[in-house]
Amino acid sequence: MSSGIEAQVLQPYKYGFVTDIESETVPPGLGEDVIRLISEKKGEPAWMLEWRLKAYRNWLKMSEPHWPNVQYGPIDYQAISYYAAPKQRPQLDSLEQVDPKLLETFEKLGIPIEERKRLAGVAVDAVFDSVSVATTFREELKKHGVIFCAISEAIREYPELVQQYLGSVVPYNDNFFAALNSAVFTDGSFVYVPKGVRCPMELSTYFRINAESTGQFERTLIVADEGSYVSYLEGCSAPVRDENQLHAAVVELVALDRATIKYSTIQNWYPGDEEGRGGIYNFVTKRGACRGRGSKISWTQVETGSAITWKYPGCILQGDDSIGEFYSVAVTNHRQQADTGTKMIHMGKNTRSTIVSKGISAGRGQNTYRGLVKILKGADDARNYSQCDSMLIGDKCGAHTFPYIDVRNSTAIMEHEASTSKIGEDQIFYAKQRGLSAEDAVSMIVNGFCKEVFKELPMEFAVEAQRLLGISLEGSVG
Amino acid sequence: MTGKGKRETGKVLLEVRDLHASVEGREILRGVDLTVRAGEVHAIMGPNGSGKSTLAQVLAGHPAYVVTAGQVRYEGNDLLALAPEARAREGVFLAFQYPVAIRGITNAYFLRSAVNAIRKHRGEEELGPVEFMDALEEKLKVIGWDSSYLTRPVNEGFSGGEKKRNEILQLAVLDPKLAILDETDSGLDIDALKTVAQTVDKLRRPDNATVLVTHYYRILTHIQPDVVHVLAGGRIVKSGGKELALELEEKGYDWLREEAVVA
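So the protein lines, in turn, are chains A and B. Here the first sequence is numbered in this note's numbering, starting from 5 and rising by one per residue. Here the second sequence is numbered in this note's numbering, starting from 1061 and rising by one per residue.
Everything labelled a hint here was simulated from the structure, so no lab data went into it. Given the structure is predicted, the values throughout are model-derived calculations rather than measurements. Note that CB positions come from ideal geometry on N, CA and C, so glycine has one too. Treat the hints loosely; a few may be bogus.
Claimed, not checked - Cross-link-like lysine-lysine pairs, in silico, DSSO-like; alpha carbons within 27 Å at most: (1) A:455 / A:426; (2) B:1223 / B:1237; (3) A:455 / B:1180; (4) B:1223 / A:455; (5) B:1254 / B:1302; (6) B:1262 / B:1223; (7) B:1180 / B:1071; (8) B:1201 / B:1237; (9) B:1223 / A:426.
What the hints assert, rightly or not - According to the in silico footprint, chain A covers these stretches of chain B (three or more CB under 8 Å from chain A): (10) 1119–1125; (11) 1136–1145.
Next comes chain B alone, as it looks inside the complex (with noise of 0.2 Å):
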């Protein structure tokens, strides 16, 4: 599954096997297999309504996504058991296709509540307010913001773009094992687009992965990666490089749902 393997040599991080999940009784993932190895980016690609957004929230365990077969390793174990917090405090981020604000809770609040969580399920210390903060400037560079956005209530009043960036930053502050980046780059003009590609690049790491879900070509001009599958009809039908997004790129997806149909 991982095609041209240049990097097997990474362990298995994620491993997706023959899932199946419905929303409201309605069959969206019909058999999706995937592998994910730690120090690879996957870009998962398909046309509106193939199941790329509901392969995101199974993964992070969304209640409204019901798994009725298959299933899922991470690190070894399994993945579903775990409830979403769990699967969050083990290292697994999801970039909200639609963020969702809170009111009245700033985003400097926000943030080190998650680190909190994340660092006491580890046995860590809780860091204080002035500590985080500390940590905090540097990632804030990172996406180009400045502190204002620290006491911001979390997305509340957020632009679309802004929103997007905050699950970067996000992202870049919980620094996870496993990310899956929904669609993080809808709905970007090309500035945005080019830091958070860069932001998200600059995270790579031989002991982590990414998974990005995209409807375009163009994150990947910024993101290179390793392998690229195209979701149709709720099953991955085709894997392989990046070339296979250039072609998609060009061609479209009508000619992978024929491939689909007959397979």
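Looking at chain A on its own, in the form it has when it is part of the complex (with noise of 0.2 Å):
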């Protein structure tokens, strides 16, 4: 490829800015002291303290995972703040109390919280750091009975719902990372569905880093009971940073007979700079439970941000008949590692997995997919496929692909494809004597190969995904 490429790869990050309000911030460091205030400020039970406590003992005795094919500096856990609020309460009515700040953030970074959005029927619970600032159409899902709100105020509002499922997928010491957010979370979503109830809105969370050196842990919990279906929204930016922020999530999803779960992410942290210099690490547990018979659940995501990226959204598939997705598009660009991939755990008979991983790697970026079909003895007649494409924009990129296949019953039928390909010159300049310009044509080929996955988005979230694909690929080809 031409040196064009080295010359294009160098697009700032374009939504690099730091709102200005004051944020009440723990000191750095972790212990028990921390815990119990994180747990007072939230107004928590003594079974959530607990569960804390026990999840924070058993990360003491945990290492941090070294076997990503990622590489990073050690993590000082104890330089890093553990809570954030803005100082403002979020005891609002009405986006009018919120801090114009605040709102401005979210219009800069183009988050329609307001009423066009809600014209547009997409009920949004923005969190900004660390604690929900307002959160809209609860009346409306109410009227459904459906619960969506931050998982602090679920631990107090819903004790028995959140207690029963909390750690039920992911448990308090499933990893490192995990137990480190067990911990520590301050804040998330909880969702819950009735039996028989279909959603009836898209549920739309925006989470954003903004406090300095402030790790952030959410939590995040969506149960959907028989025969209901919910699809769940995340998408994420933060401002430019010198350091290095760690974040951990976490989330649950359970699916119970006949229900399904459509989570869809878009994941645009900051990746750091052309150097590799700050930029978010992206630890994330995501796990879901298909319980019940012909239970559904089905992950998307768009990563194109973050410095590190370590995910692997998987699908537990107990009830027989259960089905389990995993569609993504991970981009790395300049310095940025991805580790990403999938588990699909097959126990129930006649469960079906599908994996469509697209991995593109332009500038020095190194691309990793890991996925792991395991199938069960017990798993009659489970069938998986899986698809996994790596495009390389480049010569200095790397693309890497770890398929891991544990079959324990031979009614299994397994179907695995993968390809690696170049961004071919030739598709670019055909594009471009048809008049497009380097970047749209860039943009159009790598939106083409990710057309699989973002097919699977919602309408609105595939759009702001093949925008954002352009942004993060600006000027990787000349």
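Using the supplied hints, reconstruct the complex from the two chains, each of which is provided in its own coordinate frame.
Put into structure tokens, the structure is as follows:
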């Protein structure tokens, strides 16, 4: 490829700005006292504190995993502040009461929190740093019996639901980062869709990291009761930082009999500069359990941001006839590193899973697909289809694929396809010869490459994802 | 250079002077001279390896080809100073010898993006999907396609002939001032050739021009060229009217090579 590639891989992060709102932040460091403080600030019941402490004590005995195909310096967990909240408290009835600066930030990010979005039928639970500041459409959802609120609120208002399901998919001692999250999570979302209810709108949460050196530890729990349906959208963006910021979220999904959960993510956190300075460490544990007969969980992710991404949204297919899906686009540009994929654990009979992964590497980016498909003994007639495609832009990036297959039942049918291609100078020239700019050409070719994933996203999100992909790769080809 | 000069009144659209170009350090074009006026169709013929496709690629601005000497003026301006996309927006179109596939992007989307890039350049309003489709229907009919081709990914899974037809569809939709067809007739069966040739012929206007790069005489039975050139050894060694093409068909190129050596 021509040298023009490197010349153009120099696109500053477009969402880099810092909002000047006073934050109430606890001093850096982690200990039982900090956890007690967080729990107290959140007004949590005793069982929650106990659970946090149990997680913390386990975490102390665990060590950071180093098996992912990524490289970074040591993280000083005592240098992180584990709680930050905007000083203005979130007891608000309407957006007019929200700090205008906050609204401005959302505006800059293009987050459609206000009326137009409302008209579009999207309820937004915006998380600014770690505390929810505005929630819309609660009433409408309430009519259908759908609960959609901040997890801290759920812990207070719906303790029995939370207690029943929290940690039931990702236990507090699941892994190092999940344990850390369980000990210190400060916010996130909770969704409960009752039996037979089709959630009347897409549920959408925008996250944003804003306070300097504040790790963000969200915890999201979604429970879809029998025969229900819910689609949840998660989108993120963060301002420019010189220091690496740790982000260790946990997302748990529970789908009961014939319930469907569709979980879509657009992740666009600060990836660091061209030399790899700064940027978010995104170490996330996401897992869904198809607990009932014919349950379905579908993960779709578009990962363009973060300096390092480490996440494997998976499905545990417990119920017979249950379905797990994973559709992923991961982009690494400059010095970004991603080690991402999925885990499909087939336990029930006639369970099916589909994996479609698209990795795009540009600049000096390193992109790893890591996926596990496990068919357990009792999973008669299980099927899996996996497709992993990698695209390279330039000659200094890398694509890696680690598919793990573990089959313990001879009736299983497994299909795996993989491809690696280099974005062609001829393709770009062809598009240019028709009048398209280099950026548009790359964006078009890459979007075409990702189409199978984008078509799984809700319409509006798909448009956003395409635009984001264009921005992330702007200048990657000359 | 324009041979018989039947229609010398047309404005000069393209003027190539002493053009030298190399690929991977190897000189392919060694002093090409060519003048194309508005309203004309030029055929460029010649043996394999004579530089026909190189000339087409150089005019379109392919980065693999390096111009080492000479100049190209298009509508009086320095064409070589323009990026490939700028040339396209100014009305230079290349029908590729080997059209490229773009996975996941429909023909309709690709075409509309191209049309809108050009419209934007001209300061015209961009077309929405619906308006664009209306305009497209007509063009589709011309090349004998139904709309199912529009929803297929660009050239993906297309046969050789379909790819060539698709180039002609793009030509019809983009309506360039200067169309360069690089062996569009190769690999077409007789019916497809006829459709393609007739489409190109229909697009002829007093204000545009076509350069046909071809190996074969047969396409010229459908499109009347004003001038036929023979490119050999990286130079145009002979120009003439349609009868030159016929002569080549009968005698081959060897007699011209000898002439070229003498020259």
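Quiz item: Hint by hint, which ones does the structure fall short of?
Solution: none
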